[in-house]
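Novice: One letter stands for each residue in the lines below.
There are 2 protein chains.
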Amino acid sequence: MTAKTLKNVRPMGAATTDLYIVDGRFAAAAPEGAEVIDCGGRILIPGLVEAHTHLDKSLLGLPWYRNEVGPRLIDKIDNEREVKVSLGLDPQVQSERQAILSISHGTTHIRSHVDVDTHHGLRGIEGVMATREKLAGYVDIEIVAFPQSSMIPRPGTVELMDEALALGADVVGGIDPCGIERDPKGHLDAVFRLAEKHGKPIDIHLHERDLMGGFSMEEIIGRTRAHGMQGKVTVSHAFCLGMSDRAYVASLHEQLAEERIHIITTAPASAPVPLVKELKAAGILTGAGSDGIRDTWGPYGNADMLERAMFVGLRNNLRRDDEVELALDICTHGGAAIMEVEGYGLEPGDQADAVLVEGETLAEAVALRAPRALVLKRGMVVARGGKAVIDAP
Amino acid sequence: MTAKTLKNVRPMGAATTDLYIVDGRFAAAAPEGAEVIDCGGRILIPGLVEAHTHLDKSLLGLPWYRNEVGPRLIDKIDNEREVKVSLGLDPQVQSERQAILSISHGTTHIRSHVDVDTHHGLRGIEGVMATREKLAGYVDIEIVAFPQSSMIPRPGTVELMDEALALGADVVGGIDPCGIERDPKGHLDAVFRLAEKHGKPIDIHLHERDLMGGFSMEEIIGRTRAHGMQGKVTVSHAFCLGMSDRAYVASLHEQLAEERIHIITTAPASAPVPLVKELKAAGILTGAGSDGIRDTWGPYGNADMLERAMFVGLRNNLRRDDEVELALDICTHGGAAIMEVEGYGLEPGDQADAVLVEGETLAEAVALRAPRALVLKRGMVVARGGKAVIDAP
Numbered sequence: 122m123t124a125k126t127l128k129n130v131r132p133m134g135a136a137t138t139d140l141y142i143v144d145g146r147f148a149a150a151a152p153e154g155a156e157v158i159d160c161g162g163r164i165l166i167p168g169l170v171e172a173h174t175h176l177d178k179s180l181l182g183l184p185w186y187r188n189e190v191g192p193r194l195i196d197k198i199d200n201e202r203e204v205k206v207s208l209g210l211d212p213q214v215q216s217e218r219q220a221i222l223s224i225s226h227g228t229t230h231i232r233s234h235v236d237v238d239t240h241h242g243l244r245g246i247e248g249v250m251a252t253r254e255k256l257a258g259y260v261d262i263e264i265v266a267f268p269q270s271s272m273i274p275r276p277g278t279v280e281l282m283d284e285a286l287a288l289g290a291d292v293v294g295g296i297d298p299c300g301i302e303r304d305p306k307g308h309l310d311a312v313f314r315l316a317e318k319h320g321k322p323i324d325i326h327l328h329e330r331d332l333m334g335g336f337s338m339e340e341i342i343g344r345t346r347a348h349g350m351q352g353k354v355t356v357s358h359a360f361c362l363g364m365s366d367r368a369y370v371a372s373l374h375e376q377l378a379e380e381r382i383h384i385i386t387t388a389p390a391s392a393p394v395p396l397v398k399e400l401k402a403a404g405i406l407t408g409a410g411s412d413g414i415r416d417t418w419g420p421y422g423n424a425d426m427l428e429r430a431m432f433v434g435l436r437n438n439l440r441r442d443d444e445v446e447l448a449l450d451i452c453t454h455g456g457a458a459i460m461e462v463e464g465y466g467l468e469p470g471d472q473a474d475a476v477l478v479e480g481e482t483l484a485e486a487v488a489l490r491a492p493r494a495l496v497l498k499r500g501m502v503v504a505r506g507g508k509a510v511i512d513a514p
Numbered sequence: 122m123t124a125k126t127l128k129n130v131r132p133m134g135a136a137t138t139d140l141y142i143v144d145g146r147f148a149a150a151a152p153e154g155a156e157v158i159d160c161g162g163r164i165l166i167p168g169l170v171e172a173h174t175h176l177d178k179s180l181l182g183l184p185w186y187r188n189e190v191g192p193r194l195i196d197k198i199d200n201e202r203e204v205k206v207s208l209g210l211d212p213q214v215q216s217e218r219q220a221i222l223s224i225s226h227g228t229t230h231i232r233s234h235v236d237v238d239t240h241h242g243l244r245g246i247e248g249v250m251a252t253r254e255k256l257a258g259y260v261d262i263e264i265v266a267f268p269q270s271s272m273i274p275r276p277g278t279v280e281l282m283d284e285a286l287a288l289g290a291d292v293v294g295g296i297d298p299c300g301i302e303r304d305p306k307g308h309l310d311a312v313f314r315l316a317e318k319h320g321k322p323i324d325i326h327l328h329e330r331d332l333m334g335g336f337s338m339e340e341i342i343g344r345t346r347a348h349g350m351q352g353k354v355t356v357s358h359a360f361c362l363g364m365s366d367r368a369y370v371a372s373l374h375e376q377l378a379e380e381r382i383h384i385i386t387t388a389p390a391s392a393p394v395p396l397v398k399e400l401k402a403a404g405i406l407t408g409a410g411s412d413g414i415r416d417t418w419g420p421y422g423n424a425d426m427l428e429r430a431m432f433v434g435l436r437n438n439l440r441r442d443d444e445v446e447l448a449l450d451i452c453t454h455g456g457a458a459i460m461e462v463e464g465y466g467l468e469p470g471d472q473a474d475a476v477l478v479e480g481e482t483l484a485e486a487v488a489l490r491a492p493r494a495l496v497l498k499r500g501m502v503v504a505r506g507g508k509a510v511i512d513a514p
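Residue numbers (the numbering used here), protein chains in the order written: chain A, 122 to 514; chain B, 122 to 514.
No lab work stands behind these hints: they were computed from the structure.
Be aware that one or more of the hints could be misleading.
Identical copies carry no separate label here, and so any pair may be met within one copy or between two of them.
Said to hold, decoys possible - List time: in silico DSSO-like cross-link candidates among lysine-lysine, alpha-carbon distance up to 27 Å: (1) K255 x K321; (2) K255 x K306; (3) K401 x K321; (4) K401 x K255.
Produce the complete structure using the sequences and hints provided.
Specialist: This is the structure in structure tokens:
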């Protein structure tokens with residue numbers, strides 16, 4: 122049995138108290154001789170949840186990649202497929218680098234989309250699976266088999282997706298049924314067929330805007346209903362929910378809530394986005410993620426989900442303290458609920474996945490984004506003073 | 122005579138070289154016995170320029186302010202006027218705190234709007250003027266007399282603006298001629314009259330969106346032409362330039378360029394914004410700023426203009442290296458040109474106002490936003506390792 126007492130800690134910003142951890146879970150008390158950690162009056166929150174990223178794509182640790190890529194989505198997709206070869210990108214090494222950066226910032230759960238295509242086959246999936254095994258106990262990684270280069274126009278991709286799911290991918294991915302696939306029926310039928318066959322949930326990238334995105338959304342909603350997949354389908358990005366026809370968006374929100382379809386946002390500043398306060402009012406579970414981190418798509422990103430909470434706040438014009446707390450909730454409880462994390466929270470019985478953050482209040486913690494004093498995974502210290510206890514390769 | 126040699130430095134990311142500083146300016150050579158600073162191969166850029174902030178409003182250093190303010194612009198303005206009293210905010214102390222934070226991040230020039238209203242009179246102006254004097258040699262502060270609470274509806278404000286400009290404010294401020302003032306002709310006539318009387322430039326906050334903002338913009342353009350104030354007028358925010366009618370915006374751009382009216386953006390994620398690539402193409406000088414930093418308006422902001430360059434990049438979807446360099450240019454040369462800073466740059470003869478940044482390239486410096494190794498103001502070290510050499514009060 123291992124046991125810890127977290128002394129002098131403020132759970133979610135409440136009054137200072139002591140918390141106890143026994144065998145990796147929060148407990149009502151700790152036995153004598155438990156290790157004591159003085160938290161210095163800092164706020165404790167449950168582990169941050171990175172609900173949308175691409176662990177296999179990051180260029181972390183490599184020489185600077187000079188980005189001269191064209192402006193269209195397809196330019197970026199085509200460029201990346203080639204650059205992976207010319208740079209000799211190793212998905213295992215890259216995913217380990219990014220995951221360890223995540224740990225250093227207090228992320229305890231990651232959902233990563235991982236490319237599956239006829240050019241690179243299952244190399245990405247195998248690489249991230251190896252990282253998942255290597256970092257077991259430090260961070261939980263959920264893998265989405267992701268047809269980044271499209272599925273229908275590239276024969277053989279559906280079969281590779283099938284193999285990826287048999288091999289160990291947890292979630293069926295999808296991508297713009299109209300914009301990229303040019304065949305919404307073919308694409309979504311394939312995605313839902315794979316989900317049914319493997320008994321796995323779905324998470325679809327939907328960048329399509331305005332009415333085109335609304336159309337694809339309606340098709341996703343219809344299939345969720347038909348397949349009885351309520352609670353098992355997520356739409357990532359969902360830019361169409363940021364369209365100006367708010368009455369139509371409200372009707373989409375209603376249907377999404379009815380089928381318990383979840384939304385994951387990266388809160389980009391330059392695209393229309395789902396409005397998180399409206400999603401909450403409609404009863405739609407919402408998570409957030411960093412998207413790609415320093416990859417061939419763009420130079421930004423540092424895997425800090427407290428910074429992402431700030432981005433969610435800035436993008437949604439969240440200024441009041443209760444609003445900033447909503448942004449943080451999306452980056453913790455929201456993502457965890459979508460990923461169906463068992464025992465997520467700070468109550469006795471919950472997994473001791475937690476982070477100490479700086480600040481007088483939760484809103485200040487988000488505004489400050491100071492290095493994390495301590496990160497716990499199942500009660501084990503995995504980062505201290507903004508540095509993970511393990512080194513990146 | 123004081124002299125320095127910056128050894129092993131990469132100006133703007135170019136090859137490693139040595140630079141020389143004599144009596145506060147870059148020079149072609151340094152005399153024997155000059156102090157040698159090894160820059161470790163880091164990139165040197167000219168000092169960051171904070172071209173739009175509110176030094177008098179910040180709550181830095183105070184206990185956390187729980188924000189429960191209403192959603193309208195006028196709610197925030199009215200709330201702030203009251204809270205300044207209830208918190209006993211001292212504009213001198215607050216402006217010094219924020220300015221020293223700016224210095225720590227490598228900002229060498231600040232343009233600050235400072236509230237002028239019938240409730241607080243010139244207390245803000247006097248406070249920031251005292252800070253400007255106290256920090257002379259560490260950072261240059263330009264003061265805009267800013268009628269935050271409106272001018273026309275609050276009799277006595279125009280007279281206070283006049284006094285502020287006589288006292289030492291450098292620039293005539295203005296605010297939404299329609300949205301706040303409800304009297305575009307009255308407001309803009311007063312602003313331009315003050316500018317003419319004092320021979321000072323203008324910087325107007327224009328939050329008005331779409332056609333209303335376009336109308337106010339046309340009125341500003343017309344008066345700039347009539348008063349022969351080409352090159353002396355700036356519009357801050359200019360949300361209307363983000364409107365969807367791009368043909369109308371293009372015609373506004375053309376007129377702005379003709380009258381050499383400048384734009385300063387804070388690149389907010391939740392509002393329409395001027396598109397910096399289009400401004401550049403139109404030949405319009407563009408600067409950037411943090412806007413308010415941790416004040417009663419919102420909890421965000423850290424005075425880091427390298428982070429602001431990232432925000433400009435994210436908001437404008439700048440991903441390629443040359444695009445990210447444009448974002449950085451706006452946060453350095455752009456603001457400096459608008460403020461007509463004499464001798465801004467890294468060439469012999471220029472003021473030795475400069476910052477060492479981390480990264481292989483300029484784009485990486487923006488993406489990383491690592492603590493600044495060294496900040497120089499007129500050749501004097503004013504910050505090191507992310508910390509200013511002077512302490513905040």
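Novice: All hints are to be evaluated individually against the structure, with a verdict given for each.
Specialist: Evaluated hints:
Within a single copy, K255 and K321 get their C-alpha atoms as close as 23 Å, which meets the 27 Å cut-off; across copies the closest is 64 Å, which misses it. In this assembly of identical chains, the alpha carbons of K255 and K306 never lie at most 27 Å apart, being 39 Å within a copy and 68 Å across copies at closest. When the C-alpha separation of K401 and K321 is checked against a cutoff of 27 Å, the pair qualifies only within one copy, where the shortest distance is 25 Å, while the shortest distance between copies is 49 Å. In the homo-oligomer, the alpha carbons of K401 and K255 never lie at most 27 Å apart, since the shortest distance is 36 Å inside one protomer and 48 Å across protomers.
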